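*Asks:* Given next are the chains, with one letter for each unit.
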Amino acid sequence: MPLTAWCFYDRRLLAPDALDVLTGAHLTRAGAVPRSHVRPGLSVVPLAGSPGFRLSGSAGYESRRVAASTSAALAASPAQDITLDLSSLDHLDVATLADIAHAARRRPSGTPLRLVGAPPALHRMLELFTELGTGLQAVGQ
Amino acid sequence: MTTYTPTSAASRVDPVFHHPALFYTTEKDFLQGVGEFIRVEAADGRPVLVAVPGPRLQLLREAVGVESESVTFVDMRQAGRNPGRILSMLQDFADRHPQRRPSIVGEPIWVGRTEAEAREATRHEALINLAFAGRPVTILCPYDTALPERVLAEAHRTHPVVGDTDGYLRSTRYEDPQTVCGDCDRPLEEPTDPLVLHFTEQDLADVRVTAGHWAQTSGLSPRRHTDWLLAVNEATGNSVRHGGGQGILRLWRTADTLIAEVRDRGRLTNALVGRRRPDPLSPAGGRGVWMMHQLCDLVEMRTPPSGLIVRMHLTLD
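First to last, the sequence lines map onto chains F and P. Under the working numbering, the first sequence has 68 at position 68, and the numbering climbs by one with no breaks. Here the working numbering runs 1000 ahead of the position in the second sequence, where the first position is 1.
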């Protein structure tokens, strides 16, 4: 869609964690570097060419709110095909994978959630918890 | 040779759950005692899980001659490499056959186990009595008499019934499982010059990066690197969630093992935590300790007055 949208957020009114989530939800940004960009945390941006998101960094307990927000967006998306690009993810924890699996099961279209570039941690966790793979379709890079 | 059967007089310590130890000295004793048990149980239509060290598996298969689909053979050296994950496997098997009185052969300690592994395997044997109390299951545990005397003595404390080639008797030295577990809580040996990382929630990602780099430079193979990171992540995350919001991670290497230890102010209120496969989709979590047991070659947990210590071992390839 040929559209440019500017979103403004008042840093004085937002908690750092909330600002991190909002920053991760935009393709580009202006202003001071938010905390998540100087620490190896989890960041999320929408994919440019198709419905979906790219996760970057490292997902753990500290990034649970980012994971929950992303999963909520995935679950609510009306898109038939949606992709989660994990190729820039250094680490994925089981709680984040469970969030993603929950979202895949709730998708209104019922089509599998497409995972691109899944890190070794995802494959290892699916060995331990095969049921988390329901609704997920892991493909290559 | 007297074959153990759930109806024999000595087995009636718990009217439902039976947990005998079989002491054997020769291969012939092992094949007769264990093989006959498997044949009898399978002939009665019971599902049988046989988890013994690999070298004995093929011998048993040939000796038993059981072609039935009801007998499952598992190499305990692999499945039970970490004694802390055996109980989950046994409960999974029993859960799959709730109506057919499953029978299990489990040999968690073999000649060559380290002292720390044998101690955790003894804890596992004690916890079997808690986990299966009142359940219609028989678990026969073979013990090689070539094992150290202290290990054989513990088997008398963790099995209500003990036997050998002459038959089975009630163990006069049987102890309450909690008492045995308490005795297994020996102080852990202090490492020399470990890498020490103090962490709170905001440090968790940095801790994973540091622990990952340290493991790589310490010689951990790429195959085990994922296991290492997942285990460290769960342990440090548990400290933040349940251990007072912060913890201390210590990393060190021995000749053939990488060790990660997490200390925090948490408590372990249930000795069976992590010993049963959790529902991964449960909103309550509860996956961390079980995952650590699955991913590591040995997990030692201690509860000193200061809190909780979780020590995880990964063997270098």
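Calculated from the structure, these hints are not laboratory results. Bear in mind that the values here come from a model prediction, so they are computed numbers and not experimental data. The beta carbon of each residue, even a glycine, is placed where N, CA and C say it ideally should be. Among these hints, one or two may not hold up.
[Unchecked claim] To give a feel for the contact side, a few chain P residues facing chain F, derived at Cβ under 7 Å:
| hint | residue |
| --- | --- |
| 1 | 1208 |
| 2 | 1286 |
| 3 | 1287 |
| 4 | 1294 |
*Asks:* Against each hint, give a clear statement of whether it holds in the structure.
*Replies:* Hints, one by one, checked against the model:
Taking 7 Å as the C-beta contact cut-off toward chain F, the hint placing residue 1208 of chain P at the interface holds, the least distance being around 6 Å. Because the beta carbon of residue 1286 of chain P sits about 11 Å from the nearest beta carbon in chain F, more than 7 Å, this interface hint is broken. With 7 Å as the threshold, the beta carbon of residue 1287 of chain P comes within range of chain F, its nearest partner Cβ sitting at about 5 Å, so the hint holds. Checking residue 1294 of chain P against chain F by beta carbon gives a least distance of about 6 Å; that is within 7 Å, so the hint holds.
Against the hints set out earlier in the document, a violation occurs for number 2 only.
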